[in-house]
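Okay, here's what each chain looks like letter by letter:
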Amino acid sequence: MKFITKSPIDLITMLSEAHDPKAGAIVLFSGEVRNHSHKKAVDYLFYECYIPMAEKIIREIIESSYTRFKLHKALCCHRIGKVGISESAVVVITASSHREEAYAANRYIIDRVKHEAPIWKQEFFSDGTHEWGHNCSCHQHQEIIQ
Amino acid sequence: MKINVQVFAALKDYFTPQFTIELIDGTTVGDVYRLLTAEYPEAVSILAKCKPAVNDCFVDKAYVLSNDEHLLIIPPSSGG
Chain A
57 MKFITKSPID LITMLSEAHD PKAGAIVLFS GEVRNHSHKK AVDYLFYECY
107 IPMAEKIIRE IIESSYTRFK LHKALCCHRI GKVGISESAV VVITASSHRE
157 EAYAANRYII DRVKHEAPIW KQEFFSDGTH EWGHNCSCHQ HQEIIQ
Chain B
5 MKINVQVFAA LKDYFTPQFT IELIDGTTVG DVYRLLTAEY PEAVSILAKC
55 KPAVNDCFVD KAYVLSNDEH LLIIPPSSGG
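Note that the protein sequences, when read in sequence, are chains A and B.
The first sequence begins at 57 in our numbering and counts up one residue at a time.
The second sequence begins at 5 in our numbering and counts up one residue at a time.
Hints listed in this document are in silico derivations from the structure and should not be mistaken for laboratory results.
Source: prediction; values computed, not measured.
Watch out, some of these pointers could steer you wrong.
Residues from chain B that face chain A, not an exhaustive set, calculated with beta carbons under 10 Å [claimed, not checked]:
{"no.": "1", "residue": "A57"}
{"no.": "2", "residue": "F62"}
{"no.": "3", "residue": "V63"}
{"no.": "4", "residue": "K65"}
{"no.": "5", "residue": "P79"}
Glycine included, every Cβ here is placed at the ideal spot set by N, Cα and C.
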């Protein structure tokens with residue numbers, strides 16, 4: 057599957073790829089563009105990416121998730137370019153026999169992708185200003201799971 | 005020797021996205037950081053947070069560059 061895409065992420069299609077007869081739990085996380093940030097209205101986000109390293113790093117994170125958790129499927133796709141309000145910027149799906157593993161693995165993957173993949177968010181506000189996003193806030197969780 | 009440098013995101017407020025610099029043999033990644041900081045002192049705080057990579061692999065600042073290598077200066081991720 058593609059780890060990086062310039063096209064809208066189709067949640068239904070992606071979910072259909074995650075079904076597995078051994079899985080009793082599927083967790084889908086969709087990171088979506090909200091219409092406000094820093095107390096300002098947001099028009100859209102733009103994601104810049106260094107694709108060669110981002111694909112390699114996301115692939116390594118997914119492979120690592122299979123080692124750490126009892127997973128049947130793990131999928132991740134990050135969108136780049138212009139992403140509108142309520143559209144998915146990143147989707148992670150994990151399928152496991154039981155929900156505890158599926159939830160934990162999903163959190164592990166999204167936190168690492170946000171923190172490690174060379175992808176940068178630029179927020180475009182309704183007042184005409186724009187700003188590069190700050191580093192993700194998952195350091196504390198990273199320290200716990202490492 | 006010549007090194008190709010590529011920067012991303014907020015670093016592009018200070019530097020052109022890709023440029024070539026002439027360096028003497030034995031130059032390290034840390035030396036390049038110092039050159040860039042000297043050129044744009046305003047970029048010092050973001051440069052301090054950036055991780056270097058050469059030929060698509062992360063390296064530390066003691067890495068000694070070779071002719072024609074591709075140095076990436078990667079700001080903290082903010083995906084998701």
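Consistency of the hints with the structure:
no., hint, in the structure
1, A57, "7 Å, holds"
2, F62, "9 Å, holds"
3, V63, "12 Å, violated"
4, K65, "18 Å, violated"
5, P79, "6 Å, holds"
Hints 3 and 4 from the list above are not met by this structure, while the remaining hints are.
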